[in-house]
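Novice: Sequence:
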Amino acid sequence: MTLTIGFTYDAKDDYPLNPGENADKYAEFDAEETICEITSALETSGHKIVRIGNVKNLIKEIHAGKKWDLVFNICEGVKGRNRESQAPAVFELYDIPYAGSDALTMGLTLDKTMAKRMLQYHGLKTPAFLTISSVDELSPENFKLRFPVIVKPSMEGTSKGLSRESFCSNFMQLKKRTQWLLETYKQPALIEEFIIGYEFTIPVIGNTPAKVLPIVQTAISGKTDLGEDFYTQARVDSTEIEYLCPSKIDKKMEDKINALILSSYTALGCKDVSRIDIRVDYNNEPYFLECNPLPNMGKVDVFPIVAQAMGITYEKLLCQILDSALKRYNLI
Numbered sequence: 009m010t011l012t013i014g015f016t017y018d019a020k021d022d023y024p025l026n027p028g029e030n031a032d033k034y035a036e037f038d039a040e041e042t043i044c045e046i047t048s049a050l051e052t053s054g055h056k057i058v059r060i061g062n063v064k065n066l067i068k069e070i071h072a073g074k075k076w077d078l079v080f081n082i083c084e085g086v087k088g089r090n091r092e093s094q095a096p097a098v099f100e101l102y103d104i105p106y107a108g109s110d111a112l113t114m115g116l117t118l119d120k121t122m123a124k125r126m127l128q129y130h131g132l133k134t135p136a137f138l139t140i141s142s143v144d145e146l147s148p149e150n151f152k153l154r155f156p157v158i159v160k161p162s163m164e165g166t167s168k169g170l171s172r173e174s175f176c177s178n179f180m181q182l183k184k185r186t187q188w189l190l191e192t193y194k195q196p197a198l199i200e201e202f203i204i205g206y207e208f209t210i211p212v213i214g215n216t217p218a219k220v221l222p223i224v225q226t227a228i229s230g231k232t233d234l235g236e237d238f239y240t241q242a243r244v245d246s247t248e249i250e251y252l253c254p255s256k257i258d259k260k261m262e263d264k265i266n267a268l269i270l271s272s273y274t275a276l277g278c279k280d281v282s283r284i285d286i287r288v289d290y291n292n293e294p295y296f297l298e299c300n301p302l303p304n305m306g307k308v309d310v311f312p313i314v315a316q317a318m319g320i321t322y323e324k325l326l327c328q329i330l331d332s333a334l335k336r337y338n339l340i
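As numbered in the working numbering, residues 9 to 340 make up the sequence shown, in order.
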């Protein structure tokens, strides 16, 4: 049976920067090339794929009487910590089946502080942290975290706000970076104890049971032992970054990571697909960093190499994500 599948997304071309705006303001949005890659991959399912675009276009199409059997959603949304929840909330309001996590999970995972609190509630490991809204909340006497620490915007993705200056070895560096971040991003700053060691990103697909896909290890300048190094905004399109899949870890470590990933996916209420980032210290302890229920599914990211490690095509992997949602709604 051929179904009509809508496709919602935020295209960078639809959001030109205004003078004075941060260069990374729309870094999470997708290039036309990526949108075409995902569309072409989904078309191999045999279903009819209809491009809708962003949330405003979605609402216009709904009011125009357009119908879809299911919508494949990668909309990032605009404005505020609930922006990723906007599309799922519209789908739920109009009773439209959709692929991906619901509005609650989208909001929970975009707010890194709330996600970490949820992980802590479930007894899962995440770096010790502090979230502040003013540098006046910082004082050497009351600061309990161990240096080095890393300072991030609490409600951003795509490594926005991350640079070498985010890594702080002392209180003076911390205060300076925190002040800059608060002024630049106009949101709370998340301060975490930095996990010295290795970094991994792991996609998960499906629902009850979810399936942890092959682990992807991050290498920077050819090194997998990253030590104090980490992924920054400047490296998003850099040749310094290499993704290794299969990763260079043993079975015991793999099982330990997979257990944390699956538990995190479940605790956060993810559906159909997510990608979870972790660091592993030199004692082989994995720590949850963040969960992205709207991972980049284009060919520039990890999905093609994960598919290759699974022995399937990139197109087949994306169709498995679509099938997961269709099964959830009993459409196949």
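No lab work stands behind these hints: they were computed from the structure. Since we're looking at a predicted model, the values are computed, not measured. The beta carbon of each residue, even a glycine, is placed where N, CA and C say it ideally should be. Honestly, I wouldn't trust all of these hints.
[As the list claims (entries may be wrong)] Simulated DEER-style distance windows between Cβ atoms:
1) Gln128 x Lys194: 21 to 29 Å
2) Glu41 x Tyr129: 46 to 54 Å
3) Ala72 x Thr52: 22 to 30 Å
4) Lys33 x Glu145: 25 to 33 Å
5) Leu25 x Lys335: 17 to 25 Å
6) Lys152 x Ala72: 35 to 43 Å
7) Leu112 x Phe151: 41 to 49 Å
[Said to hold, decoys possible] Below, a list of computed lysine-lysine pairs in the DSS-like style, where the Cα atoms sit at most 30 Å apart:
8) Lys74 x Lys324
9) Lys75 x Lys335
10) Lys68 x Lys87
11) Lys64 x Lys133
12) Lys64 x Lys87
13) Lys194 x Lys219
14) Lys307 x Lys75
15) Lys194 x Lys231
16) Lys20 x Lys256
17) Lys68 x Lys56
18) Lys75 x Lys64
19) Lys219 x Lys231
20) Lys168 x Lys219
21) Lys307 x Lys168
22) Lys20 x Lys168
23) Lys87 x Lys194
24) Lys33 x Lys335
25) Lys133 x Lys20
26) Lys68 x Lys133
27) Lys324 x Lys219
28) Lys33 x Lys68
29) Lys324 x Lys259
30) Lys133 x Lys231
31) Lys152 x Lys219
Novice: Does each hint hold? Answer for all of them.
Specialist: Results of checking the hints against the structure:
1. Between Gln128 and Lys194 the beta carbon distance is about 26 Å. The supplied range of 21 to 29 Å therefore holds.
2. For Glu41 paired with Tyr129, a C-beta distance near 40 Å fails the hint of 46 to 54 Å.
3. About 28 Å separates the C-beta atoms of Ala72 and Thr52, a value consistent with the hinted range of 22 to 30 Å.
4. Against the hinted window of 25 to 33 Å, the Cβ-Cβ separation of Lys33 and Glu145 comes to about 26 Å, which satisfies the hint.
5. Separated by about 40 Å at the C-beta atoms, Leu25 and Lys335 break the suggested range of 17 to 25 Å.
6. Taking 35 to 43 Å as the suggested C-beta distance range, the pair Lys152 and Ala72 does not conform, at roughly 55 Å.
7. Between Leu112 and Phe151 the CB atoms are about 33 Å apart, so this pair departs from the stated range of 41 to 49 Å.
8. Between Lys74 and Lys324 the alpha-carbon distance is near 28 Å, which keeps this suggested pair within the 30 Å criterion.
9. For the suggested pair Lys75 and Lys335, the alpha carbons sit about 19 Å apart, so the restraint of at most 30 Å is met.
10. Taking the CA atoms of Lys68 and Lys87, the gap is near 19 Å; set against the 30 Å cutoff, the hint holds.
11. Taken as a hint, the Lys64 and Lys133 pair is broken in the structure, with Cα atoms around 38 Å apart against an allowance of 30 Å.
12. Simply put, Lys64 and Lys87 have alpha-carbon atoms about 13 Å apart, close enough for the 30 Å limit, and the pair holds.
13. As the CA atoms of Lys194 and Lys219 are separated by approximately 37 Å, the hinted pair breaks the 30 Å bound.
14. Taking the CA atoms of Lys307 and Lys75, the gap is about 29 Å. The hint holds against a cut of 30 Å.
15. In summary, the hint linking Lys194 to Lys231 is not supported, as the alpha carbons are separated by about 35 Å, beyond the 30 Å threshold.
16. Taking the CA atoms of Lys20 and Lys256, the gap is about 35 Å. The hint is violated against a cut of 30 Å.
17. A C-alpha spacing of about 20 Å is found between Lys68 and Lys56, which places the hinted pair at or below 30 Å, so the restraint holds.
18. A threshold of 30 Å between alpha carbons decides the hint, and for Lys75 with Lys64 the separation of about 16 Å falls inside it, so the pair holds.
19. Annotation: proposed proximity of Lys219 to Lys231 holds, straight-line Cα distance about 28 Å (limit 30 Å).
20. For the proposed pair Lys168 and Lys219, the alpha carbon gap of about 29 Å is at most 30 Å, so the pair holds.
21. Between Lys307 and Lys168 the alpha-carbon distance is near 21 Å, which keeps this suggested pair within the 30 Å criterion.
22. As the CA atoms of Lys20 and Lys168 are separated by approximately 15 Å, the hinted pair is consistent with the 30 Å bound.
23. Of the supplied pair hints, the one linking Lys87 and Lys194 holds, its CA atoms being roughly 12 Å apart against a limit of 30 Å.
24. Straight-line distance between C-alpha atoms of Lys33 and Lys335 comes to about 36 Å, which puts the hinted pair past the 30 Å bound.
25. With a CA separation close to 35 Å, the supplied pair Lys133 and Lys20 exceeds the 30 Å bound.
26. Only pairs whose Cα atoms come within 30 Å are accepted, and Lys68 paired with Lys133 is rejected, the gap being roughly 43 Å.
27. A distance of roughly 15 Å separates the Cα atoms of Lys324 and Lys219; the hinted pair therefore holds under the 30 Å criterion.
28. Under the criterion of a C-alpha separation no larger than 30 Å, the hint pairing Lys33 with Lys68 is consistent with the structure, at around 25 Å.
29. Taking the CA atoms of Lys324 and Lys259, the gap is about 26 Å. The hint holds against a cut of 30 Å.
30. With a C-alpha separation of about 25 Å, the suggested pair Lys133 and Lys231 falls inside the 30 Å cut-off, and the hint holds.
31. Distance hint between Lys152 and Lys219 is unfulfilled; the C-alpha atoms sit about 37 Å from each other, more than 30 Å.
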